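Enquirer: As they're listed, the protein sequences go chains G and R.
Taken in order, the first sequence gives residues 832 to 1085; the numbers are from this note's numbering.
Taken in order, the second sequence gives residues 119 to 436; the numbers are from this note's numbering.
It is possible that part of the hints are untrue.
Short derived list, chain R residues pointing at chain G, Cβ under 7 Å [as the list claims (entries may be wrong)]:
(1) F249
(2) Q252
(3) V305
Ranges between beta-carbon positions, derived for each pair [as the list claims (entries may be wrong)]:
(4) G:A1035 with R:A334: 53 to 63 Å
(5) R:G344 with G:S1026: 55 to 65 Å
(6) R:T284 with G:R1047: 30 to 40 Å
(7) R:V304 with G:G1065: 48 to 58 Å
(8) G:K1079 with R:K406: 22 to 32 Å
(9) G:A1042 with R:A294: 25 to 35 Å
(10) G:D966 with R:K403: 46 to 56 Å
(11) G:R1019 with R:A294: 36 to 46 Å
(12) G:I1029 with R:G344: 56 to 66 Å
(13) R:G394 with G:G854: 35 to 45 Å
(14) R:K406 with G:D999: 40 to 50 Å
(15) G:K1081 with R:E303: 37 to 47 Å
(16) R:V286 with G:A919: 44 to 54 Å
Capping the alpha-carbon separation at 25 Å, the derived lysine-lysine pairs in DSS-like fashion look like this [said to hold, decoys possible]:
(17) R:K403 with R:K357
(18) G:K1085 with R:K375
(19) G:K911 with G:K1023
(20) R:K434 with G:K1085
(21) G:K1079 with R:K436
Simulated from the structure, these hints should not be mistaken for lab results.
Remember, it's a predicted structure, so these values are computed and weren't measured experimentally.
Note that the Cβ used here is the ideal one computed from N, Cα and C, for glycine as well.
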Amino acid sequence: MEILVCVKRVPDPAENEIAVEGGGIRRDDLVYAVNEWDNYAVEEALRIVEREGGSVTVATVGGPEADETLRREMAMGAEKALLLSDPAFADADGLGVARILAAAVRKGAYDLVLTGAMADDGAAQVGGMLAELLDWPFASLVNRVEGAGPLRIGREIEGGAQEVSDIDLPCVLSVQTGINEPRYVGLRGIRKVASAEIPVLDAAALGVEPAAPRVRRLAYFVPETGPGAELLEGGIPEVAARLAGILKAKGGIK
Amino acid sequence: MDQVFVFVPGADDSAAELSAAAAALFPGAAPTALVAGHGEALAAAARDAARAFPQVWSFDAPDLAHPDAERLRPLLAKVLPAGACLLLPHGTLAMDLAPGLSVRLGAAYAPDVVGAEGADGSWLRLVRQEFGGQVHARVACDAAQGAVITVRSGAFVPAPAGPGGTVVDRSADIPAVQPRRRFREVVAAPAGDVDIAREEVLVSVGRGIGDQENIALAEELAEAMGAALSCSRPIVDAKWLDKGRQVGTSGQTVRPKVYLALGISGSFQHLGGIKGSPFLVAVNKNPKAPIFQAASVGVVADLLELLPELTDAVRKVK
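My request is simple: use the sequences and hints to build the entire structure.
Expert: If you want it as structure tokens, here you go:
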């Protein structure tokens, strides 16, 4: 099975406190990583190929710095990578990104496209848009993939339940965290792919005409918040004793 | 932008919230509600929608008994007029249905909206949250060719019930679909050894617990308190605790009297699973964690230092 996995370089939520300055995100000291959901998507693709044969290609829309994201996923085991990069892509909204990815998918012969269920903007939109542009079936929040086509898939729905369906190939699936345990990437793996050739495709190579975005971010801001919690201050033993007293008073100790 | 529609997925709280969201986004519009399903569940959804909207279009078919994006996408694309704006609640159905629908309609897509701040001509000014809720973004969305907007549950205060609308059966308009994704079944969450939904006191651990072996510290505290142990999503993803212990919109909905959140940052998905305004105590080493806004009492501390001391202190006051 030929699988394309769409990945994204994002500020690492575990390493950063996102700060707002003049309506924008302060970017200078941010630590970047692969979007957490995308690692699960790459892992699932590798498992499908281990089971069914084929190969995994990772693709990203981004600047030259996204090269490091692709290499990290290649170190995980992806055979090929595509960097979809052009200054004209800078303003792309979700649909713009989906159009760029759709052009890359059409240039290959893929049976399956995986994305992470969402990324830093929480929009969870690119996978569904990409499927529609390709006229392929789609499923979001996928937490189980079996078979070789049609695939038997599970989707996470409310209350911890799973919706089970069969889906024809080719299709697009957006992958939810927890579907697997992404494999560890060691230094050796990173070194191995350090000199791998990664093709860079620009707007002309992809045949994409960037369209004016219909959704635009005007400004970031930090919302005004209420008074928040009463914070207990002091040394650990003192705080622990006060907290135990409060828990008991509120019926939290039986 | 006078063609405003609202998709009501079922008989729950969503109709009144969507009515409020529609009024905030499109003041003066008379939105039409759409309901799809089969049998008594559909009738209940239609009744619910008619309390919030003057007009309801109802689509009844056995294939729609389970909400299925593969069938709803062509249905909505067929019945919505060109340039219409559609609101729907941002849940797992919308994540499946709405992005592709917006492409099919040629409409703009604004997902998971938490606020409305008016309009400049055809550009709607909306508020979203990014980076897991750490910051808000003011977003402009061009609705000149229509828009699909999903609305965060709980973000708009439900509108009071109206005088009662009329329900129109539009089942004849349901298109024939050869689905390329075929629904099989819903598998319920595996029942855990503890039903956290029934517990009065929960000690809940999140990513901040750091390591699997540290969970024992929280277990000990829970035992001393006579509480049950629950957790947030990353703990289940890491397979440190069972899915049945997960609190949140993608896990269990809980109604405890006292909820102790240990190393949980407080994403809206997590807090969305806690109902009934329990007494919320948060312990986190990051003083800016959103959980402190929701909590009554907070402690900024390293869990590994605090937990053994707290367990001792609980044993003493027992």
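Enquirer: Run the structure past the numbered hints and jot down the numbers of the failing ones, going up.
Expert: Hint 11 contradicted; others consistent.
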